[in-house]
Amino acid sequence: MAEEMRIVLRNYGKIDPLKIDDYLAQGGYKSLEKARAMNTADLIAEVKKSNLRGRGGAGFNCGMKWSFAAGAQADQKYVICNADEGEPGTYKDRLIMENDPHTLIEGMAICAYAIGATQGYIYLRGEYPFLVSTLNTAINQAKEKGLVKDFDIEVRSGAGAYVCGEETALIESIEGKRGEPRFKPPYPPSEGLWSKPTIVNNVETFANIPVIIEKGADWYASIGNPAYPGTKVFTLTGDINNRTFFEVPTNTTIREIVFQFGGGIPGDKKFKAVQIGGTSGAFIPDALLDTPVAFDSMSAIGATLGSGATFVIDESRDIVDVATRIAGFFEHESCGKCAPCREGTARTAELMEKINEGRGSNKDVTLLEKLGTVMSYSCLCGLGQAAPAPVLTTIKHFKADYEAKFV
Amino acid sequence: MDYKEIIAQYDGKAGGIIEAYHALLREFSYLPEEAIAEAARVFKLSTAEAYGIATFYSMFSVEARGKNVVRICESAPCHVAGAADVVAALERELGIKMGESTADGKFALEFTECVGQCQATPVITVNGKPYLDVSPAQIPAIIAEYK
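First to last, the sequence lines map onto chains C and H.
All residue numbers for the first sequence refer to the numbering used here, where the first residue is 727 and numbers rise by one.
All residue numbers for the second sequence refer to the numbering used here, where the first residue is 41 and numbers rise by one.
Bear in mind the hints are in silico, worked out from the structure with no lab data behind them.
Cβ atoms here follow ideal geometry from the backbone N, Cα and C, with glycine treated the same way.
A hint or two may mislead.
[Stated by the list, open to error] To spell it out: a stretch of chain C is covered by chain H in this simulated footprint if at least three of its residues, at any positions, have a beta carbon under 8 angstroms from a beta carbon of chain H; those stretches are: (1) 827 to 838; (2) 1035 to 1044.
[Said to hold, decoys possible] Calculated Cβ distances over 10 angstroms to all of chain C for the following chain H residues: (3) Lys44; (4) Glu59; (5) Arg81; (6) Glu114; (7) Ala128; (8) Gly139; (9) Thr152; (10) Glu153; (11) Gln159; (12) Ala177; (13) Pro180; (14) Glu185.
With the rest of the complex left out, here is chain H (with noise of 0.2 angstroms):
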């Protein structure tokens, strides 16, 4: 489906241009800039107004990022329980670092806070599937999971 049409599914539900953001999130993992302005105009709102919307909220990104989105919890209790090794594994098996995506454009990495699986730190998620007590060796083989 193009931009156009995942908005269309939309039009028409009050408050709907989230659910369409996430909608479109889903097929392109980030909001293209014409898909923004679309969801502008189904939605009677300023094009300034639709791309606030979508800064606003940190699942959506207004930048092109990796299909993939990997992200690693640095909220306390994943803190103290050594995300940042998980961090560095991620890091070391992706070969980019925090906020980037890879060159080929299968994975984005992104720190986020709390996932709410915390009877389990650290906590990654992947397109938002938690995986849990997670520890760098096992890094490789769910990274894997998505190549």
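Okay, chain C solo, but in the shape it has when bound (with noise of 0.2 angstroms):
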């Protein structure tokens, strides 16, 4: 039976976020005190040992990224944390920074020191406004105490763009811009905010980082998956009995998380479909369900992990119609800087209302997978290329409930 381990989350209820005195009580800030005992080469090499990989969607080797931008030359250099989570069904970045916010401040120092940064900044998605001094008030005691020495960090506010997750659209929108992605390369940890070298990390990744340092790589690396290690943090949402969040290790399966952890559907109804990762997730039936949930697991079912959103749906739910509502969204988030995705979500849109509708026939479905294909590789970013996911494996995986709607 699977069982859930909390390191991101391991200071959640047993804290007073505003106190930096409970913070230190838990062992706070020596993670940071030992990692600049060690000299950076170290440290990162430690990182990157411990196979960290990025918990923002992505799944890059974290320490690998850290060295990229500690190897660029420069007079400066930023440490970015992605506080923007808006993939629907998502809080666990709320979750940390409202519960544990110094974690996150000691993960983005430790980062500082490895690359030679001394400014950071908090991307925090606008609908967050009441976090803010969460986070100013953290900031602060962690500099009255002397902490962070001269590392500063600056709160910057998103103002409602779903694209403002992507890591270079986030930097554009830092430096005060529409916040369109750029063509890369140029990868932000050789040039990113104002053309600095630039780490840009998701909250989870942060504060991943003390216990790291504190642990060691080997312990680090030895939790859940192999490919994946550690603890993913996953938020349950739709038709289950646990609308409540878990972290688990990344070898735990998504049938454990739905049945066990999410203690099944209510009422006596039936699983339908999960959707894991957040909106641009596939949805996946009840024949992949022993899938671990670990990324490149995920990838091997042509799902992914995303953020660890899990929307669940049961029988009695129209999917098409889900799936409408989802191709909507995308159609009002596309950014507008790329052909493929500013006409490929509105199509896509088009189509599914009109599927959903009972105008649609076969002609449309396969329309559909032909634009989702082309769209998978060739929009500029993530938000394009995975767009079509949602509207692809409902097809492939429930094709009967579209033809229940043909005209």
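Quick one: dock chain against chain with the hints and give me the complex.
As structure tokens, then:
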């Protein structure tokens, strides 16, 4: 039986987030001290060896990313925390910031030391205005106690643009521009904020860092799935008995998340599908539920781990209607910079509405498949590349539901 | 404070135009045309660029709207939790349709995508403050807090 394991949420409910002494009493900021006693090459090697991979969705080796910025020559470098969690059904980063802001600050300060940065930013989604003061209080406390030394952190608020979760769009937004993704390369570790080497990591990624430094890379690498070790926070929504959150090792299966931790489906209804990773995630049928949630296992079944959002729907739901709503989301959130996404999301939404209203046919489904495939490799950023996934996977696994709506 | 004083507080802050827009929003609930022109001057952008930034982000409005901005989440978790019934209750209570403002200038009613409170759907926010597990029956009392 799978068990919960709390690393990033280790202090949840145990400390007063506004009291730095509570965090210090749990051993807080000792990892920063330990990191600063190491030379930066050894520190980065340790993070690399832990095999911590980015928790924002792309799954890149964190230590490797840091090494690129550390090796870049520049008069200024930046550390940015991506706190723009906008994936519908996701609130894990809020949990961390709301309950343990210092773990984030400590993780960022360790990164700043490793790459040689003195300025950090937390890009906080505009929907969390109540967290601005929590974060600023924590930053000021760490500063006053001299814990973060010359490292400054400023909180910047987003303003309701899903695409700003993409790291280069986020950087554009901090620079005070429209949050449109940049062409890559160059990647942010070589040219990021104001063209300087920049590390952008997710809140959950940074929250892992102090524990990795405290307990060592080998300890961390041994937890969960070896290719994507550690834990992951899952937030459960939709038709599920326990609409709450869990932090579990990455070798936990989707079935365990839904039926053991989630407590299964309310009432006497049967499971229909689960969408993992946020609204851009694949819809997964019952037959694939024994897949471990780790990054590569999910890729192998044509799904993603993404943010860990877990949206469950029961047999009574109209899955075509849900996919239509999601297509509307992407039409709204496409930034419009590249044509495949701007046009593709609009046409996908149009075709989905047509089918959903009973005016569609198999021809429309074929068009959706073709359009989705083209978007998945031709869109500029992850938004457009992932947008077709809910449509394509519902067509793949629930074709009969589409056929039932044909003219 | 008038708009010039608000914007002046962010003068010299790199990339600070978005923070200035947030501050203007807190005061006026939208971005008046003359404030956008002033922001363009302070941050050394063309008026078109400053306008382009204002219209890119869904929280910024370039049109006058009600003082208290009521938003309802229409993302999938809220959608399946009965958001449509809450929308109907809001429209009934305020006597306006989604996307409109009340004639007295007190309320604006808008859709939003996920606001990150999915443990308790459906969710509405008023001026950024979340209300959780909202049922249509609770709407009159929530709105009354801002009357």
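Minimum Cβ-Cβ distance from glutamate 59/H to chain C exceeds 10 angstroms: violated, 7 angstroms
Minimum Cβ distance from glutamate 153/H to chain C greater than 10 angstroms, as the annotation requires: Contrary to the label, glutamate 153/H does not stay out of reach of chain C, its closest Cβ about 6 angstroms off (not over 10 angstroms).
Coverage criterion applied to the region 1035 to 1044 of chain C (partner chain H; beta-carbon cut 8 angstroms; 3 residues): holds (count 4)
Taking the shortest Cβ-to-Cβ distance between alanine 177/H and chain C, state whether it exceeds 10 angstroms. holds, 20 angstroms
Would the least Cβ to Cβ distance between glutamate 185/H and chain C come out above 10 angstroms? holds, 16 angstroms
Should the label of lysine 44/H as a non-interface residue stand, given a Cβ cut-off of 10 angstroms to chain C? Fine: 18 angstroms to the nearest Cβ keeps lysine 44/H off the interface.
With 10 angstroms as the threshold, tell me whether arginine 81/H passes as away from chain C on beta-carbon distances. Check passes; 14 angstroms lies beyond 10 angstroms.
When I compare C-beta atoms, does the region 827 to 838 of chain C have three or more residues closer than 8 angstroms to chain H? With 0 residues in contact (Cβ-Cβ under 8 angstroms with chain H), the coverage given for the region 827 to 838 of chain C is violated.
Report holds if the minimum CB distance from glycine 139/H to chain C is greater than 10 angstroms, and violated otherwise. holds, 13 angstroms
Closest CB-CB distance from glutamate 114/H to chain C, is it above 10 angstroms? Contrary to the label, glutamate 114/H does not stay out of reach of chain C, its closest Cβ about 7 angstroms off (not over 10 angstroms).
With 10 angstroms as the threshold, tell me whether alanine 128/H passes as away from chain C on beta-carbon distances. holds, 17 angstroms
Find the nearest Cβ of chain C to the Cβ of proline 180/H and say whether that gap is larger than 10 angstroms. holds, 24 angstroms
Violated hints, in rising order: 1, 4, 6, 9, 10, 11; the structure is consistent with all others.
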